[in-house]
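From just these sequences and the hints, can you work out the full model?
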Amino acid sequence: MRAVDKNNQSRRAVLEALAPPNGGPNIKAEAREEAGTDSASARMPVVVIDDVAELATYVPAWEELARTAIEPNAFYEPWMLMPALKHYAEGKTIKFVLIFAHEPGRRNGRGALCGLFPIEIQKQYHGLYRKLPIKTISLWKHEYSYICTPLLREGYARETFAAFFDWVDSYDHGCRLLELRHIPGDGPIHHLLVDIFNETKRPSIVTDSFTRAVFNRRADTDSYMRAALSRVRRKEVRRKQKRISEAGAVEYLRLEAGMDAEAWVDDFLAFESKSWKGQAGCALACDENDRAFFKSVAVEAFNRDQLMMLALSLNGHTIAYKCNFLAGRGSFAFKIAFDEQYARYSPGVLLEFENIRLLHERAGVEWMDSCASPDRMMINQLWPERRAIQTVAVATGKGAGEFFIALIPMLRWISRKVLHRFKASQRGQQALSTEKQK
Amino acid sequence: MRTAFDGPELSAPQAAAVSTLTSKPFMRAVEVRGLHALAERRADWEDLCRDTLEPNPFYEPWMLLPAIEAFGEGLDLRFVLVYAEDRNDKSAPPALCGLFPLERKMRYKGLPVDSFSLWRHLHCFICTPPMRAGLERECLAAFFDWLRLQADGAALMEFGWINTDGPFYELLTGFLDETGKTSFVSDQFTRAFYRPGADADSYLTQAISKEHRRDYRRRQNRLSEKGRLEYVALEPGAYAEEWLEMFLTLEASGWKGREGSAFMSNAAGQSFFIRAMTEAFDRGRLMMLAIKLDDSFVALKCNLIAGRGSFAFKIAYDEAYARFCPGVLLELENIRLLHGREKIEWMDSCAEPNHFMMNRLWTERRDIVDLVVSAGTKAGNLAISSFPLLRWISRRLVRPTLSILFAGLEVTG
Chain A
1 MRAVDKNNQS RRAVLEALAP PNGGPNIKAE AREEAGTDSA SARMPVVVID
51 DVAELATYVP AWEELARTAI EPNAFYEPWM LMPALKHYAE GKTIKFVLIF
101 AHEPGRRNGR GALCGLFPIE IQKQYHGLYR KLPIKTISLW KHEYSYICTP
151 LLREGYARET FAAFFDWVDS YDHGCRLLEL RHIPGDGPIH HLLVDIFNET
201 KRPSIVTDSF TRAVFNRRAD TDSYMRAALS RVRRKEVRRK QKRISEAGAV
251 EYLRLEAGMD AEAWVDDFLA FESKSWKGQA GCALACDEND RAFFKSVAVE
301 AFNRDQLMML ALSLNGHTIA YKCNFLAGRG SFAFKIAFDE QYARYSPGVL
351 LEFENIRLLH ERAGVEWMDS CASPDRMMIN QLWPERRAIQ TVAVATGKGA
401 GEFFIALIPM LRWISRKVLH RFKASQRGQQ ALSTEKQK
Chain B
1 MRTAFDGPEL SAPQAAAVST LTSKPFMRAV EVRGLHALAE RRADWEDLCR
51 DTLEPNPFYE PWMLLPAIEA FGEGLDLRFV LVYAEDRNDK SAPPALCGLF
101 PLERKMRYKG LPVDSFSLWR HLHCFICTPP MRAGLERECL AAFFDWLRLQ
151 ADGAALMEFG WINTDGPFYE LLTGFLDETG KTSFVSDQFT RAFYRPGADA
201 DSYLTQAISK EHRRDYRRRQ NRLSEKGRLE YVALEPGAYA EEWLEMFLTL
251 EASGWKGREG SAFMSNAAGQ SFFIRAMTEA FDRGRLMMLA IKLDDSFVAL
301 KCNLIAGRGS FAFKIAYDEA YARFCPGVLL ELENIRLLHG REKIEWMDSC
351 AEPNHFMMNR LWTERRDIVD LVVSAGTKAG NLAISSFPLL RWISRRLVRP
401 TLSILFAGLE VTG
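Taken in order, these protein sequences are the chains called A and B.
Heads up, the first sequence is in the numbering used here, so the first residue is 1 and it goes up one at a time.
Heads up, the second sequence is in the numbering used here, so the first residue is 1 and it goes up one at a time.
Hints in this document: simulated from the structure, not taken from any laboratory.
Check the hints yourself; a few may be wrong.
Calculated cross-link-like contacts (lysine to any residue; reagent style SDA-like; alpha-carbon spacing at most 20 Å) [as the list claims (entries may be wrong)]: (1) A:Lys417 - B:Leu176; (2) A:Lys417 - B:Glu178; (3) B:Lys181 - A:Ser415; (4) B:Lys292 - B:Asn221; (5) A:Lys201 - B:His355; (6) A:Lys240 - A:Phe353; (7) A:Lys141 - A:Gly185; (8) A:Lys201 - B:Pro388; (9) A:Lys95 - A:Asp50.
Selected chain B positions facing chain A (Cβ under 7 Å, derived; list incomplete) [as the list claims (entries may be wrong)]: (10) Gln188; (11) Thr190; (12) Tyr239; (13) Gly284; (14) Arg365; (15) Ser385; (16) Leu389; (17) Trp392.
For glycine and all other residues, C-beta sits at the position ideal for the given N, C-alpha and C.
Structure follows, in structure tokens:
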């Protein structure tokens with residue numbers, strides 16, 4: 001079925017021969033070019049950066065890349081990632097792999113920035129039931145980044161990905177495994193990965209996958225509602241809208257250009273910390289670091305027209321807030337909060353409806369990722385479509401990494417057997433001890 | 001993003017069958033062997049196919065029955081039918097809710113493990129089983145119960161060549177997660193997929209570069225210099241037999257004929273094609289288009305319509321005209337025709353993952369996977385867990401050793 005591209009095989013053989021046997025010198029901020037191969041990807045300059053100041057010099061190119069990316073990812077845009085580096089990178093080894101178009105005429109042979117992969121180098125592999133001492137490269141994911149789609153320039157995505165894997169195979173980083181964490185399980189980048197893995201026969205395994213709600217715009221709000229909700233549910237919503245309007249003056253607010261974004265953000269933070277999230281200690285304002293990160297990111301997003309904040313107020317009191325980040329034709333639902341005192345009016349649901357209406361009004365936004373956990377009832381009902389999110393473990397080069405990838409299902413099987421027995425024996429002991437107490 | 005399927009359209013009879021159930025139905029799985037036993041249940045099956053979660057023409061009676069006759073010989077084929085019975089009304093006839101055509105094999109990918117897999121013959125391009133919309137979850141659970149209890153002791157069940165962008169895959173993976181079954185994606189590939197653009201022109205402008213468009217126009221002009229060039233479609237009520245015979249002849253004259261993979265290369269293939277396509281035509285499910293030059297066929301294409309989707313089944317062209325790329329010209333015509341048919345929301349290319357032409361003309365992709373699930377036995381769980389490791393051992397240790405050994409033998413021999 002899968003005829004193997006012969007050129008590709010021979011290219012791999014050449015690359016393997018060229019790759020340094022072990023470690024290699026530190027290639028910090030130094031272009032490494034593979035001469036002697038005729039493949040486009042092999043000639044793309046790869047630059048690895050671990051210094052924030054140096055990374056900052058690439059911000060304009062990076063922003064341009066984000067605008068032309070085949071799949072947008074707000075979490076990997078500079079305005080989001082630079083503050084994240086400041087707040088969440090402590091104690092971690094974070095590096096950035098930048099891949100450029102090959103242009104011999106330019107300085108260093110570097111043309112436009114074609115790919116950006118933020119990576120974390122970990123001494124252990126965390127993908128299984130317990131940490132294993134295998135050095136791993138992962139796409140960097142911090143607490144508030146909900147997807148790790150790398151930025152790839154439209155029209156160059158295949159070569160750029162191939163160049164990234166060539167770099168991964170070079171073993172300059174000393175890691176046996178590459179973990180593509182939280183990447184989409186559908187869409188162009190996923191399809192590209194499947195093709196590349198098949199062509200190069202690279203062993204990989206999906207170690208985690210789940211689905212979450214996604215909004216795909218329709219012709220208009222009405223047709224969306226009709227497709228998404230049954231008549232009974234639509235009626236219920238109308239009843240809710242009616243009931244809240246009987247309670248007082250209802251107003252849907254939104255943050256617009258020229259308004260005081262900082263005040264909105266502060267109000268949202270204070271509002272969220274008063275809700276159950278604040279009491280549970282998981283509101284943004286509960287941690288000074290999270291608070292500072294969110295504030296700087298939201299204000300920056302507002303300045304570039306990538307922030308969408310909306311609120312619902314009843315008799316002048318705000319009773320629900322929602323905050324989304326926009327990125328090209330995509331968007332990401334970041335946070336929602338509501339006042340439980342008004343729970344009987346379902347303010348969260350009403351604001352989600354307003355959100356659907358606004359998204360249809362806003363030209364250019366095709367989809368919104370809910371960023372919600374898979375079992376979130378409310379959003380799953382309002383947005384019937386799903387997107388798949390996966391974590392894929394990939395071997396770097398041949399040998400140990402490849403062997404480990406093949407071993408993962410076996411390790412899981414063993415752990416299930418062993419853990420199962422262990423738990424069963426624990427239960428037995430507990431039963432014994434309770435019996436003794438009696 | 002899953003937009004290819006927005007849930008099936010419930011046709012009246014099936015919807016009625018499901019809605020008349022007064023309570024949670026009792027599901028019963030029946031195993032049937034042999035063509036005749038299956039053919040006896042054809043009416044139920046036809047009814048099921050009108051109301052499926054995801055349409056699959058390859059598993060509809062008019063296509064599968066001729067396929068069993070043509071390609072089923074010597075294979076151990078089983079058909080698992082899942083029926084829903086009304087708990088409160090015992091007199092009501094049970095409704096067929098799912099059909100799983102299975103092939104039993106004594107080995108799985110070289111391992112001595114007894115397995116079942118969704119049956120895929122040479123001309124079958126997707127194996128998503130038909131399941132009644134609304135009862136799909138119960139149906140899948142009943143199938144897995146059957147799998148666990150079957151007397152054959154098969155350790156594995158392979159869902160080969162199923163698409164991941166539809167409701168069946170979502171259901172299956174969700175079910176496996178919830179029930180904690182051991183499963184493994186043993187293979188995965190992409191194939192070209194069509195979804196309409198705003199209109200044919202904007203689709204073609206977006207998909208194909210200016211140079212290529214110009215090139216194809218030039219080829220079409222050259223071809224039309226050879227005679228009267230016509231794009232024609234097989235109309236309902238027309239004489240389909242002539243088209244089908246012409247298709248077989250053209251296909252046999254090309255590389256498929258030389259390779260022995262054309263329908264005409266064997267009697268079974270030929271009768272399968274004629275029978276299945278004639279049925280498809282009678283049911284209004286066959287979409288055939290052609291390029292004619294002075295009334296003789298230069299290229300022919302057959303598509304199968306399935307609900308709101310469709311499958312590009314086969315294409316053939318006269319190699320004497322190869323330099324005019326008649327295959328590509330017909331594919332371009334296909335895109336124009338599809339944009340005129342609003343009811344068709346997608347078409348699966350059924351093409352190989354590295355199919356250069358289709359990958360260029362159709363911008364979207366669909367994922368196809370082979371997902372293998374343990375039947376629930378200890379042997380099955382272990383087999384699935386050790387499969388990647390065994391594959392690694394075979395690729396990295398056994399094969400290199402063997403090749404060294406054989407090389408040595410050749411030298412000494």
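Need the status of pair B:Lys181, A:Ser415: alpha-carbon distance at most 20 Å? 15 Å, holds
Is A:Lys201 within 20 Å of B:His355, Cα to Cα? 18 Å, holds
So, as I understand it, the hint says B:Thr190 touches chain A; can you test that by seeing if any CB pair is closer than 7 Å? Because about 5 Å separates B:Thr190 from the closest Cβ in chain A, which is inside the 7 Å limit, the hint holds.
Taken at face value, is the distance from the CA of B:Asn221 to the CA of B:Lys292 at most 20 Å? 14 Å, holds
Does B:Pro388 sit within 20 Å of A:Lys201, going by the straight-line distance between their CA atoms? Status holds; Cα separation ~13 Å.
Hint check, B:Gly284 versus chain A [nearest Cβ-Cβ separation less than 7 Å]: Given a least distance of 27 Å, the restraint on B:Gly284 is violated.
Agreement of hint B:Ser385 with chain A interface, Cβ distance less than 7 Å: OK, holds: B:Ser385 within 7 Å of chain A, min 3 Å.
For a C-alpha distance cap of 20 Å, please report whether A:Lys417 and B:Glu178 respect it. At roughly 18 Å apart (the allowed maximum being 20 Å), B:Glu178 and A:Lys417 satisfy the hint.
A:Lys141 paired with A:Gly185 [C-alpha distance capped at 20 Å]: Roughly 17 Å between the alpha carbons, so the hint for A:Lys141 and A:Gly185 holds.
Going by Cβ atoms only, is B:Leu389 closer than 7 Å to chain A? 5 Å, holds
Taking 7 Å as the limit, does the beta-carbon of B:Arg365 come near enough to a beta-carbon in chain A? Given a least distance of 4 Å, the restraint on B:Arg365 holds.
Using 7 Å as the Cβ threshold, decide whether B:Gln188 counts as touching chain A. 5 Å, holds
Hint compliance for this structure: hints 12 and 13 are not met, and every other hint is.
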